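Trainee: Letter by letter, the chains look like this.
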Amino acid sequence: METVSEPIVTSKPKVKKNSSSSAFQRIFRYSFVRLITLFVTVVIGVYLTIMIANMGGYVDTIMKAEIRERITISVANNQAYKNMPKDQLNELILERIQLEEKRMGLDRPLVIRSVNFLKNAMTLNLGRAVNMNSDAGSRQVRLIILERLPYTLLLMGTSNLILFFSAMFLALALSRNYGSIWDKIVIALTPTSSAPAWFYGIFFILIFAAVLRILPFGGVMDAPIPETFIARALSVLKHLILPASALIISTFFLSIYNWRTFFLINSSEDYVDTAKAKGLQGRDIERRYILRPTLPYIITNFALMLIGIWTGAIVTETVFQWPGLGRTIFKAIGLYDTPVIVGTTIIYAYLLAITVFLLDFVYALVDPRVKIGGGK
Amino acid sequence: MSKKSFLFVVALLVIASMALTACQPGAPATEAPVVETEAPVVEVQETEVVETAEPTPPPTTRHGGWADEVVFTVVDSASAVTQIQAGAIDIYGSGLSSDKLPEIQAAGLNYSKQNGLYYELTFNPVGPEFPATGKLNPFSSAKVREAMNWLIDRQYLNQEIYAGGALLKWFTITTQFPDYADLADVVKALENKYAYNPEKANEVITAEMEAMGATLVDGKWTYKDEPVTIILLIRNDSDGTRVPIGDYVANQLESIGFTTDRQYKKSSEASPIWVNGNPDDGLFHIYTGAWSATVIDRDQGDNFQFFYCPESAYGFSALWQAKGVGQNPEFNELADKLAYNKFTSLEERRAAFARALELSMEDSNPVWLIDGKNFAPWREGIEVSYDLAAGVDGSYIWPFTLRIAGEEGGTITWGTPDILVDPWNPLAGTNWAFDNQVIRATTSTGILPDPHTGLYWPLRIESGAVYAKEGLPIGKTLDWVTLEFVPENVVPEDAWVDWDAVNQKWITVGEKYPEGTTALIKSVAVYPADLWETVKWHDGSPVTMADFVYTLIMGFDPAKPESAIYDEAIAANLDAVNANIKGIKFTSTDPLTVEFYTDTYALDAEINVTTLWPTLTYGEAPWQTMTAAALAEAAGELAFSADKSEANEVEWTSFIAGPSLEIMTKYLDQAAAESYIPYAPTMSAYITPEEAAARYASAKAFFEKYGHYWIGTGPYILNSVNTTEKIVTIVNNPDYPDLSDKWNMFGEPKVAEVALDGEAQAVLGTDFVFDVAVTFKGEPYAAKDIKEVKVMVYDATGLIVYTGLADLVEDGKYTATIPADKTAAFEAGASKVEVAVVPLIVSIPTFADLEFVTVK
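In order, the protein sequences belong to chains A and B.
Mapping of the first sequence onto our numbering: residues 1 to 376, in sequence order.
Mapping of the second sequence onto our numbering: residues 1001 to 1856, in sequence order.
Careful, some of the hints might be misleading.
Simulated crosslink set (DSBU-like; lysine-lysine; CA at most 30 Å straight-line) [stated by the list, open to error]:
no. : chain 1 : residue 1 : chain 2 : residue 2
1   : B       : K1337     : A       : K102
2   : B       : K1476     : A       : K331
3   : B       : K1143     : B       : K1220
4   : B       : K1220     : B       : K1337
5   : B       : K1469     : A       : K86
6   : B       : K1476     : A       : K86
7   : A       : K331      : A       : K64
8   : A       : K86       : B       : K1512
9   : A       : K86       : B       : K1135
10  : A       : K86       : B       : K1342
11  : A       : K102      : B       : K1265
12  : A       : K86       : B       : K1337
13  : B       : K1560     : A       : K64
14  : A       : K102      : B       : K1560
15  : A       : K64       : B       : K1469
16  : A       : K238      : B       : K1705
17  : B       : K1220     : B       : K1135
To be clear, the hints were calculated from the coordinates, so they are not data collected in a lab.
In this text, all values refer to a predicted model and were calculated from it rather than measured experimentally.
Just need the whole structure built from these sequences, with the hints factored in.
Mentor: This is the structure in structure tokens:
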């Protein structure tokens, strides 16, 4: 351990030793400034999202045009109104247009609405969607998101966790066997990651659903839905195989390649060579001289991977008809449903900010070279 | 090569092969039309239909739907055919676009053929110069727009873009539907006149362009030394077919000297320019439009006003106002008459329609291109009837005819692009086709639309009568209704005409119109004598008068500001509909008989029979569940409409899922505890406290069993709703009053097969005689089922020189005779006789022709 810390400490600025109370003040001050900075960043990010989602106000024009067309066609196609006098019909159309514009808040300027959106977002009052419903029919953005969350976590969590750990440990093994046939195979297969997950998804569907007929085309459960809990759980697992595999395989080799390169670079550090020269066991070298110093990087990746789960996988979910958050966000963008867009964004922004904030502390915990607010 | 390089190359090859395989289309676009070229549209349908449904099931004792269970699950349309082939689903209820037809046929699946989108070109008619830019707008000239009909090869569009599966379209009316069939001779003559003729188009456009001051310089039209650039707004969303349409039109315009600016936009981008923008700005010349018609509209007379005139419902648009500038007043007047049937006879209407068609071609804004068709596939071994306009999922007939061939019972898995889109409630719930496909299976109505003609059949009523004011252009086709013309229909004083929301009492005609009132139409609906014994709600409660009266109240009360459930969004609709009600009277409750008085009318007596049933705009419900929801709304916890739920920030009432269920249960329990009678001043005449308690208890028991409050009287019961998984199951209703085979007559559309026979050579000045054979599946077509067989003769100049009717010889045999005095005036040479067989039992006419030579 000492051999590790020595060269690093010398590269860090000298820090004056403080008492425990001054350390607390330093951490408090750092935390305060950091939190304020992150908060301001989140505010700016969310407000930009609101303005972008509304195309700086042009969405109002689009929505008004859409309302006019939709209502006119709906009234014109309604057989109940077919023989209604013209004036009465036009009055009905006009009234419905005004009601719909009012319902969607288009009777108020975007500037005012944007401030409301921002205020609600920052206070996590996610509010109500404009056009979208939750699957169960509620307009509450909270329910729209919560409803999709379990299946999103299941798919993204399963695939990302498998991908993360399998890629990392396989990479570690490959870095030990640099130049071996397996190493070369992985390198050769790395370009397969240039194809997105949905691309593999379509292939998997063709092979396993259409031709072999051993796995379902998509969805999350058999239709009709099995009656027992066990049968339902197994059904979900069966439906999970293809989308999860597609997500994993699409970045599998690239992830291994990345990690392998990362470990190789760290394996060639002087202190690792010194450890090797000392005659330490390979496993000890890995654990104490490679993994330990790279832990902050691994943790950062892991944390960002975890919050990345939140965003879902838009196209893959669509290909597999998987009811995840990705499709919800995509639909919200298509419908210009600002509350839903902002709702998902703000949660992601908060998760990201909290993660970034906490990571600073985690670094300090896992790496003795790092001190909170040490740069001051 | 090193190992490393070798492996790298192998990996690249793997990727490349995968990419190439993925990118390869199912069938090359250029090959697909070949199949269709050999198989004319009508014949394709006939061939497929013959194989599709053979509705000759043995007599049955089964009630309700044929299947024990139908499971709806979401399937992407792109994989629908593959999933049917793989056995994952049995049927895909939604129509697939024409480009999927070859794949459906190759897979050997059965399929429906229904209306898809129909496509047109809308022109900016401002000009000749755009006020904002001073640039020339060629389409300000009606003659240039008219010439566009000759410039566009509709057959090419159909073959290249729609795989031959669509129909060519020249008119605002739907090709092959009732008005088209009725005017077969007129439309054929016009189609002939406006057939593809690029030379003629160029000639007309050149003359008009020169008249407007443009000059052709090096093959390019210029105006004030600048090229005349046509801006095409080409929609690139929707079904994607408007991109090749727009490109084709642009190419054709370029071929005669125009410069084009192709702007590809999705709906939301194009809409602010074409329909909501100012046409004076000159931001577009042509917009690639598309519309949909999902019902067999038996009276499309209002289409002229809707699409061409500033009096349209689109009158808010500056574009529509611009269409009216310089418009032929005769056309405008005819459009108005046709929109509101200002005629005294059907013959007068027909003449006006024929003239309006002619004038619409001269106006040509829009220019119609294609009547798209969609195809809903199902596997061999499944039978289902479908609506010629609405297809399978949009039809009312599918719940009665969907079955596993030759079997009673079983489970059928139904794929759909989406489901459970919006909350379900009968007053202002979901209006999505994906939800309504299920809702229709669980509900009943008084009448059932004929899937082949658009006429109505009695579903829950037994018979009807229409008393129309003399001089109205109304006819009748089916026997269940009688039609009588009367000098006037006096509305009885005690008929209900409005609702007093304060006192919760009906307002009678005598109170509202003390001086009395009359109506153009009086319709009488008579219900079966055993109605009260045979029809039961899914929770086991019998249907009673209370359900009828409550439903009527719900048609008025939410529109009254004094009501506890007043909803301005619903009020707009209800007020509009109720304004046309002149009176409602229950003249008998056993058997139930209802008189309905109104000033609005349709051309068919069958459609003029107004039937009452406990069905609101968006579904059916017994009064007890509606009461629970209404109480929740009155308490400010739920709202029937999206608008009110938004305004009050409460849940949009859903009878099937979500937070609404808990709230509804709370109010159902409360109502049960009080044996609550809604609208007691009126409803207590129809409900006793004991009956109320029993009704609430049965609804609660239903909820505990099924987990929702969607209680109907239809042939299927909503069994389970899985919202996030998007899986819905319905099960057969064994207590449904009708036998499962009641509607077997709609097994397949009886599209006539027609063969023409005659001499190959005829002498002018003599009678021309041709034999017309009309059959269906090889059997003679019953004469009683045929409205008429029209005959048209084209002489050597290509013009229609004779129209008439063929004479009936016997079932399936007609003779077309063109008298000698007529033939004497024909031009000698290659001629053609064409017949149009117009059946009564299917709205699609069948055309057949025979070429022959005339000599002097």
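Trainee: Which hints from the list above does the structure break, by number from lowest to highest?
Mentor: 1, 2, 4, 9 and 15
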